[in-house]
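Visitor: Hints are included, so try docking the two chains, each in its own frame, into the full complex.
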Amino acid sequence: MHGKPAPSESADTAVRVRGLVKRYGAKTAVDGLDLDVRTGTVTAVLGPNGAGKTTTVETCEGYRRPDGGTVRVLGLDPVADAAALRPRIGVMLQSGGVYSGARADEMLRHMAKLHAHPLDVDALIERLGLGSCGRTTYRRLSGGQQQRLALAMAVVGRPELVFLDEPTAGLDPQARRATWELVRELRADGVTVVLTTHFMQEAEELADDVAIVDAGRVAAQGSPEQLCRGGAENTLRFTGRPGLDLGSLLKALPDGTAAAEPLPGTYRITGDVDPQLLATVTSWCAQHGVMPGGISVERHTLEDVFLELTGKELRS
Amino acid sequence: MSTGTYSPKPGAAPVGRMIAAQTSLETRMLLRNGEQLLLTVIIPSLLLVLFSTVDIVDTGSDEAVDFLAPGVLALAVLSTAFTGQAIATGFERRYGVLKRLGASPLPRWALMTAKTLAVLVTEVLQVALLTAIALALGWSPHGNPLSVLLLLLLGTAAFSGLGLLMAGTLKAEATLAAANLVFLLLLVGGGVIVPLDRFGAAGDVLALLPISALSDGLRDVLQHGASMPWGDALILAVWGVLGLGAAARFFRWE
Numbered sequence: 001m002h003g004k005p006a007p008s009e010s011a012d013t014a015v016r017v018r019g020l021v022k023r024y025g026a027k028t029a030v031d032g033l034d035l036d037v038r039t040g041t042v043t044a045v046l047g048p049n050g051a052g053k054t055t056t057v058e059t060c061e062g063y064r065r066p067d068g069g070t071v072r073v074l075g076l077d078p079v080a081d082a083a084a085l086r087p088r089i090g091v092m093l094q095s096g097g098v099y100s101g102a103r104a105d106e107m108l109r110h111m112a113k114l115h116a117h118p119l120d121v122d123a124l125i126e127r128l129g130l131g132s133c134g135r136t137t138y139r140r141l142s143g144g145q146q147q148r149l150a151l152a153m154a155v156v157g158r159p160e161l162v163f164l165d166e167p168t169a170g171l172d173p174q175a176r177r178a179t180w181e182l183v184r185e186l187r188a189d190g191v192t193v194v195l196t197t198h199f200m201q202e203a204e205e206l207a208d209d210v211a212i213v214d215a216g217r218v219a220a221q222g223s224p225e226q227l228c229r230g231g232a233e234n235t236l237r238f239t240g241r242p243g244l245d246l247g248s249l250l251k252a253l254p255d256g257t258a259a260a261e262p263l264p265g266t267y268r269i270t271g272d273v274d275p276q277l278l279a280t281v282t283s284w285c286a287q288h289g290v291m292p293g294g295i296s297v298e299r300h301t302l303e304d305v306f307l308e309l310t311g312k313e314l315r316s
Numbered sequence: 001m002s003t004g005t006y007s008p009k010p011g012a013a014p015v016g017r018m019i020a021a022q023t024s025l026e027t028r029m030l031l032r033n034g035e036q037l038l039l040t041v042i043i044p045s046l047l048l049v050l051f052s053t054v055d056i057v058d059t060g061s062d063e064a065v066d067f068l069a070p071g072v073l074a075l076a077v078l079s080t081a082f083t084g085q086a087i088a089t090g091f092e093r094r095y096g097v098l099k100r101l102g103a104s105p106l107p108r109w110a111l112m113t114a115k116t117l118a119v120l121v122t123e124v125l126q127v128a129l130l131t132a133i134a135l136a137l138g139w140s141p142h143g144n145p146l147s148v149l150l151l152l153l154l155g156t157a158a159f160s161g162l163g164l165l166m167a168g169t170l171k172a173e174a175t176l177a178a179a180n181l182v183f184l185l186l187l188v189g190g191g192v193i194v195p196l197d198r199f200g201a202a203g204d205v206l207a208l209l210p211i212s213a214l215s216d217g218l219r220d221v222l223q224h225g226a227s228m229p230w231g232d233a234l235i236l237a238v239w240g241v242l243g244l245g246a247a248a249r250f251f252r253w254e
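Protein chains in written order, with UniProt numbering: chain A, 1 to 316; chain B, 1 to 254.
If we strip away everything but chain B, and leave its shape as in the complex, we get (with noise of 0.2 Å):
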């Protein structure tokens, strides 16, 4: 057989490689899109700085700041680990990239390596971005930043479980508006921006949620310097052994 153009020579590149370019791809895509911006960045920088410097919620005896920063770099891991991941897969989903993954060298494993590590490559910017404002509005952290890093993954591991099970088994347009729903409902009842005894005794059941373990857990830690909130901690892990293990268990890739 004579050798042209497109004379077969098939394989699959390094799995390494396969990885390092899809995370590279889904962050791209992530960033790129203009709502998913308005979600993960627009929304916790502006809630950050409004609320810091114009006194609407009563945030107790500390500097409104102190108060606000952990709450709102709990809702930056919801952001994008539960509602922009639910969505961007419910979409992929829907229009078949999923479908047309599934027929390349790319293992699915290896595909929801690189989603996790394109999640976690957002936060990170994330964090960055609003640790800058905070400082500048005058935040004062304290604890240990391994404690921080401990309670930002466990927060990303429960809210991927959640948004991939949602995007899994839901169709596309009823996961843009669950997603973007439980996002609204969590900012209020989730101790974000109002602390959760605002709630009187239902304040007892919102603490269980994922988001307030992860804003209570980070605010135990960065405004009170405790060591390590292991409530907290462990209400997240359950959520995440929850959601991935259902998200694994359910998810159609069609």
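Isolated chain A (complex conformation) (with noise of 0.2 Å):
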């Protein structure tokens, strides 16, 4: 028998991930990972290309066997009780998965035909905007026709969770709202949702919490606002004649405030960035005949905190 968690955990949790390793050679593409996620809630997994998402996601679904440490999903092991797990959960991969000669409604059909309670397939046709397929084939469709397809068959079978691998790469911003729009619709029937992306903005929008994967490894997890305030600070910019004297302002600002000329007659102020620090440093300027111009805050978002959890850029 597998470690069966205990009652209150699986409840509550639908993902338990504990120092997972998975190697492809001597590649290790996957190296200590842990990710819990809590059942009822939309989890991003957010990170570059190659940082592990896609292994880590496809270990859940049962498609890789682990090289270390422990998985569980709803409760069971992915492997061992695929049996179990595969109709309580859906799938929808990076790519493919559908019969190159197969239209999109008879390929959804039959995904319902396996399963015991499926959605209403029409109804479900209409909700993603498939019904413009008609009889055209899967290799003829758009590229966001068949990402369309491939969420609507991870969701046809009524699961409990549904894993998305990169379910708005390659859309435009209409259609990825539209699968935001499905995502929250998810969520509030209590389905839980596991997405990867490596669009900052996708985690803000939709996530209860964010899991910030770097080199195999989950580098933060939380809600985006417990992420963007912790550690990340703010920033003021604003422009005036090059050359102001640095010292003499941050005498004026409170301690830990930081202030640079990056480039000539342009300054960035970074430290708590409230009111206070805004009307000091416009004070400041006044008294010392400075016009600032172009004033900005700039709030944290998860991008920074990626930057500076990993020092990589998020975009690849």
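FYI, nobody ran anything at the bench for these hints, they're computed from the structure. Computed from a prediction, not measured in an experiment: that's the story for all the values here. Glycine is no exception: its CB is placed at the ideal position from the N, C-alpha and C atoms. Any given hint might turn out to be false.
[As the list claims (entries may be wrong)] Below 25 Å or equal to it, Euclidean Cα-Cα: the simulated DSS-like pairs (lysine-lysine) are:
id	chain 1	residue 1	chain 2	residue 2
1	A	LYS251	B	LYS171
2	B	LYS171	A	LYS113
3	A	LYS27	B	LYS9
4	B	LYS171	B	LYS99
5	B	LYS99	B	LYS9
6	B	LYS9	A	LYS113
[Stated by the list, open to error] So the derived label-pair ranges between C-beta atoms look like this:
id	chain 1	residue 1	chain 2	residue 2	range
7	B	ASP197	A	GLY143	24 to 30 Å
8	A	GLY143	B	THR3	41 to 47 Å
9	A	PRO173	B	ILE42	45 to 51 Å
Guide: Right under this line is the structure:
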């Protein structure tokens, strides 16, 4: 038997990954990764290409056998308990998965027939705008239509938990919003969603929890708000005449604030930027006969958090 | 929790219903594919008509169609169970269809069962069509239909094993090329339209090929009224065990 989790844990935790290691030959794709997905939430696994997102998700789906660590999905071992787990999860692969000669509605109806209580296929086709595919076979559908069909196939069996691997990659903004809307509806109806993405905005818009993955590990996990508050500072930028006395300015500002002139005449103040700090900066400028231009206050985004944690740009 | 459109209600369909649905889909995919139809329907039909009506190959003393019909039936099995299945399965593997179905409630054994049933359904349609053409050309079949059925099933098992082995180990493009090449070579050298005794001593080796065993066995029954050609059946059975065993051992799903 497998180590059955305590009942409270299995009720609250849909996915529990501890110390996951997965190697492909000499390359370590996942290197001691921990991940928790709470039941009924949307969790975004965020990271650049090659960070180990897909390997992690495919291990949860039962496609890969871990080289180390434990994976429990809905309290089950994805490999050993595959037969029990598969009817309960929905899977959207990063690409493909459909007979090249099948029509969209035909493939979706087929997936529905493999489940005991599927969704109304016609309504789902309508909902995802797949009706326009008509008699076109899969190989001739647009990339966006193929993505939406894969999404429909993941949800048609009324799963408890869906894994969406880069559900909006290659979609135009309108189609992306439609996919986000469906994810929100899934969550509202009690479906747990795990999605991978390298769009920071997607994680911010959708996720209750974000796991930032880099080099096969989770660098940080929390709500988008928690991640953006923790550690990251905000920035105030303005322009003025070059060569202002930053030492004098810093004396007027609270401890822990930094000031710099990265380009002549361009100033950057980093720290806890609040209304009081803004007032202090503008009054200092007034005393020194400086008219500050282009004043902007930047809130830290997940992208900044990602950069601070990993030293890498998120977009690749 | 309120009930909404997407409220979870998971569950697998009964396995019989899954197999029926999968068989239906696989059969439609086979019959919809133009290149597949060329191999499974058009080429066997053309060969039967052409070589029965035009005296190109010396097929012996009997009516040409009596020699050709059993060979073309063997070719039909080869085209569907081997060539067609290898190419289709190779591309399903390449395009992640097998992977995606692997995460569905459909068990792997049920998928393979459905693929086999789809091959058999296609073969029934082929045999019906080719029999009708052959009868129209004056074919007079002999022998026990049950012997014919057993040979066709053994041939299907042998060719399916080899086709799946190829599809599950080679790249899709390599499978496409190799499966067509093997089809062509076996068409010429497997006793389908050219009697094996034309190849001299090499004919004894060629007789051990599954296509030769199937065409020769079918000919023994249908042309000469033999009861059951056990030697040919044994050759097919050995190919079936080897092919299906190797496919089960080496098939890679991704």
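Visitor: Against the 25 Å threshold, does the CA-CA distance of LYS27 (chain A) and LYS9 (chain B) hold or violate the hint?
Guide: 40 Å, violated
Visitor: So does ASP197 (chain B) sit 24 to 30 Å from GLY143 (chain A), Cβ to Cβ?
Guide: 57 Å, violated
Visitor: Take a quick look at whether LYS251 (chain A) and LYS171 (chain B) sit within 25 Å of each other, Cα to Cα.
Guide: Between LYS251 (chain A) and LYS171 (chain B) the Cα gap is close to 69 Å, so the pair fails against 25 Å, i.e. violated.
Visitor: LYS171 (chain B) and LYS113 (chain A) were given as a pair; does the straight-line alpha-carbon distance stay at or below 25 Å?
Guide: 30 Å, violated
Visitor: Holds or violated: the 45 to 51 Å window for the beta-carbon distance between PRO173 (chain A) and ILE42 (chain B)?
Guide: At roughly 47 Å between Cβ atoms, ILE42 (chain B) and PRO173 (chain A) fall inside 45 to 51 Å, so the hint holds.
Visitor: Given the hint that LYS99 (chain B) pairs with LYS9 (chain B), test it: the Cα-Cα distance must not exceed 25 Å.
Guide: With a Cα-Cα distance of about 23 Å, the restraint between LYS99 (chain B) and LYS9 (chain B) holds, given a limit of 25 Å.
Visitor: Holds or violated: are the alpha carbons of LYS9 (chain B) and LYS113 (chain A) at most 25 Å from each other?
Guide: 14 Å, holds
Visitor: Are the Cα atoms of LYS171 (chain B) and LYS99 (chain B) separated by 25 Å or less?
Guide: The given pair, whose Cα atoms are some 15 Å apart, holds under the 25 Å limit.
Visitor: Against the range 41 to 47 Å, how does the distance between the Cβ atoms of GLY143 (chain A) and THR3 (chain B) compare: consistent or not?
Guide: Violated: the Cβ-Cβ distance is about 34 Å, outside 41 to 47 Å.
When held up to the earlier numbered hints, the structure conflicts with 1, 2, 3, 7, 8 and fits the remainder.
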